[in-house]
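Chains as they are written, first to last, in the numbering used here: chain A, 2 to 494; chain B, 2 to 494.
Worth flagging that the hints you see were computed from the coordinates, not collected in a lab.
Don't take each hint at face value.
Remember, identical chains collapse to one label, so a pair may be satisfied in a single copy or spanning two.
[What the hints assert, rightly or not] Restricting the straight-line Cα-Cα distance to at most 35 angstroms, the calculated cross-link-like pairs of lysine-lysine (DSBU-like) are:
#1 263 with 116
#2 147 with 35
#3 309 with 69
#4 116 with 342
#5 364 with 101
#6 147 with 340
#7 434 with 395
Computed from a prediction, not measured in an experiment: that's the story for all the values here.
Protein chains: 2
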Amino acid sequence: MTQAQAKVNKAPAKTAITPTRAENFPEWYQGVIKAADLSENSPVRGCMVIKPYGYALWENIQRALDDKIKAVGVQNAYFPLLIPLSFISREAEHIDGFAKECAVVTHHRLEKGPKGNLIPSPDAELEEPFIIRPTSETIIGDSMAKWIQSYRDLPLLLNQWANVMRWEMRPRMFLRTTEFLWQEGHNAFATKQEAIDDMMKMLHVYNDVYENYLAIGGIMGEKTSDERFPGADNSITIEAMMQDGKALQACTSHNLGQHFAKSFNIQYQGTDGQMHTCHTTSWGFSTRSVGGLIMSHADDDGMVMPPKIAPHQVSIIPIVKDDGAAVIAHCQKLAARLKEKGIRVHLDASDARSSDKMWSAIKKGVPLRVEIGQREMDEGNLTHIRRDLGRDSKTTVGENEFIGTVQAVLDAMQADMLKRSRDFTRGNIHEMKTLADVDAFFKGDGVGFCKVDTNLTMNDPEGFKKLKSEHAISHRCMPFEDEGRKVLLGKSY
Amino acid sequence: MTQAQAKVNKAPAKTAITPTRAENFPEWYQGVIKAADLSENSPVRGCMVIKPYGYALWENIQRALDDKIKAVGVQNAYFPLLIPLSFISREAEHIDGFAKECAVVTHHRLEKGPKGNLIPSPDAELEEPFIIRPTSETIIGDSMAKWIQSYRDLPLLLNQWANVMRWEMRPRMFLRTTEFLWQEGHNAFATKQEAIDDMMKMLHVYNDVYENYLAIGGIMGEKTSDERFPGADNSITIEAMMQDGKALQACTSHNLGQHFAKSFNIQYQGTDGQMHTCHTTSWGFSTRSVGGLIMSHADDDGMVMPPKIAPHQVSIIPIVKDDGAAVIAHCQKLAARLKEKGIRVHLDASDARSSDKMWSAIKKGVPLRVEIGQREMDEGNLTHIRRDLGRDSKTTVGENEFIGTVQAVLDAMQADMLKRSRDFTRGNIHEMKTLADVDAFFKGDGVGFCKVDTNLTMNDPEGFKKLKSEHAISHRCMPFEDEGRKVLLGKSY
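So here's chain A without its partners, still in its complex pose (with noise of 0.2 angstroms):
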């Protein structure tokens, strides 16, 4: 048992969550993932089950982000999942960001040992061993090369969504795992103003996505160039700001310059009839994002989900003690009512008490709850409750009028948690004129991200260096808004 576990056992827990955000953060976060059924831990080390209703959750940020990647034009495709050695090795930096900790496949064949147990067989090494992808630029941009031929076949715009593996010595669920899911995006221009173009447009349908989709207000801005992606001539991100003031990195895109189509030969005829080296951008989203929804919006009593991408919208709970079969079967005709209007509707019809159903949808974030009684049905009402205010908003109406007002009502909450959001980030940074008020800041546990003059950490690498190792803090972006003058400064997941 840990500390923060101990004491919150002495006096009886008011919270459906225990440790609290305030209590322990971290626990929290594995207490909320827990209660909401979202995901657990395997029994391949760093590698996590995501469980029916985290998955349902992915699928639906996964659809709303498939459609924007191809209402601007976007192909999927589907590349191998293993890389031979060889590919990572052509793209110098990329090696020393990536090669390092990852997954190698050095037999293609299991025989029974001495031991009567299964063992590699060795007759069946592989000459070149594989690496399981943990980014698939190389083996995408062998493809590119054979694909483009002309400036007529540019842009080349292609998307993928795959599985991809990064060996975790310290992992946590959805925010970093060994595997993981992801889409990773690998376009090719004829042009250097193009792929710059490109990098920041496909940033945009991330913020799209995180802000009406996932309610999530996060920084758009330029990575400094310590914090740049392993082969890229810039890095844009999104950092969002947690409920514990650290950052969270939500996705990027980079502008790969000519490094990736110089490594392998990416090159198209232009209309002068020379050859020339094509400009490529990479940028990727993952189940990260699942995380980064988590420690933005869920409470201590669980999850909250916004309405757009959660998996039950409205979870409706019959109040019956004995035979409830009547106020079941008039639940199941609202049900379809609302079900005909697009809502996606979870009716609680277990035999389960029906304060345990209640508390069930409010671990799970399910944005509306919905609870029918015998008098209610008789009345022709309901009572409902938004998750994200609680009993506060309790609300009992008839049912043709909530059947009317439904939609509005988890549009209105939707706007609210972006709101919410936008409004603790935007509160939560801090500018300041030196490092250290900076030093201060962090030592009095302050929390947020700090606002300076990017001169201030280019100039002093030294004192910088110093902060960073102290207070585990780094350069999350320079802000677009600020057009390179300022950076932010924060601790990171």
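For chain A, the structure is supplied; the task is to place chain B on it using the hints.
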């Protein structure tokens, strides 16, 4: 150059694909994939790259199947890519069937080797190697054991969309690749009968997708014991007949009995308060289906896509010479009108020659080709041609009339394709009385399946074994319609 190619090269080709089906079916198959731009070999032996047009096709199949899987109450989830060696050792028959040819992960880090190249780091050898999942019964079984406590948790219905890997020595695109994409369903039940019913239900879900989306009318039946999934009590299948008369095992559904449940302790507490072992099923459908689609429907001019899953249902080809701006603008308006009606439309506004555009649409198998030149435009007309019927179906109609009837034209094509597939399959099943008849049939290059009394091969194992090795035939299935009394024999992919 192969013989078939040499022969074709002498006479000018009259078909877009050389060799033709009659000349060399396996080479024709590769030719169609190339001409339709569906996939290509990758630098990783045995693994393919699924190109955007091929992937769009897979996404349409996937969407149709996913909707139906969800409609019967199955939930999607995600389990680790890697499987501990100890897991696959637990179910004895399963090892024999699967463990042999698979990718083995032995290290989790790379380092610079003595020659400066990257090598698996000797310090980072895994204590227990992992295999990349060839299928996930074992690792999902491990989770099921945790998730199922009482009868209230049953049935547990899970599905996973994933990549899997089985090392292939003789890979063929889509049909047999080292890495492939699929869904694998894994359900758990309290009783034997429920598992048997579920196995059957999921095969019917597949058959619905095969018939009504892929327009393939295969034969549903039970596998004989020699063809069962390793570790199953029963396996059932859809065997689809390809245009060369060979069978493709199009998908399978298994009743795993209590084998995996016992190995992984998947138990529930019954209403009687006692612990009972569950009964499980598994069922899979993969990118192999795309291979079946090609070999069922494509012709000597390339792919023929069933309208319901075609990436482009209608291809609009402006027939223009010099300044085609007005015709192209007109076609854009038509494309917008079709899109509004929910038709997946592709406008080929490239600067390629009209005949090249036409051939591109033919090779890619676009169901309906629409041609519009200056005269058609002036008259408010257009000409359309069905891919499966060719120029005989050429029809000139008014644009408004076309908008009103296009869905019906596509539906008719979809229905005709299914009818042809069914008729071909049923027309090439030959009932026979003796194994000598079967021998004579395959000696004479007979096309299709032989149907014999089940006891004919069962009671003469030696005779059947000889036939099997001589003609490379096998038990395909015992069709449901014959209630186990008959078995189909055929060559297969």
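| said: When Cα atoms must be at most 35 angstroms apart, do residue 147 and residue 340 count as within-copy, between-copy, both, or neither? | reply: between (48 angstroms within a copy, 32 angstroms between copies)
| Is it within, between, both or neither when you check residue 263 against residue 116 at 35 angstroms Cα-Cα? | Answer is between: at 24 angstroms across copies they meet the 35 angstroms cutoff, but 50 angstroms inside does not.
| request: Could you place residue 147 and residue 35 in one of the four classes (within, between, both, neither) given a Cα distance threshold of 35 angstroms? | output: Classified as between; 14 angstroms across copies, 47 angstroms inside a copy.
| message | When Cα atoms must be at most 35 angstroms apart, do residue 309 and residue 69 count as within-copy, between-copy, both, or neither? | response | both (15 angstroms within a copy, 23 angstroms between copies)
| query | From the Cα coordinates, with 35 angstroms as the cut-off, is the pair residue 434 and residue 395 best called within, between, both, or neither? | reply | neither (47 angstroms within a copy, 76 angstroms between copies)
| task | Using 35 angstroms as the alpha carbon limit, work out where residue 116 and residue 342 are close: within a copy, between copies, both or neither. | result | neither (62 angstroms within a copy, 65 angstroms between copies)
| How would you label the pair residue 364, residue 101 (within, between, both, or neither) given a Cα cut-off of 35 angstroms? | neither (39 angstroms within a copy, 44 angstroms between copies)
In terms of the numbered hints stated before, the structure departs from hints 4, 5 and 7, listed from lowest to highest.
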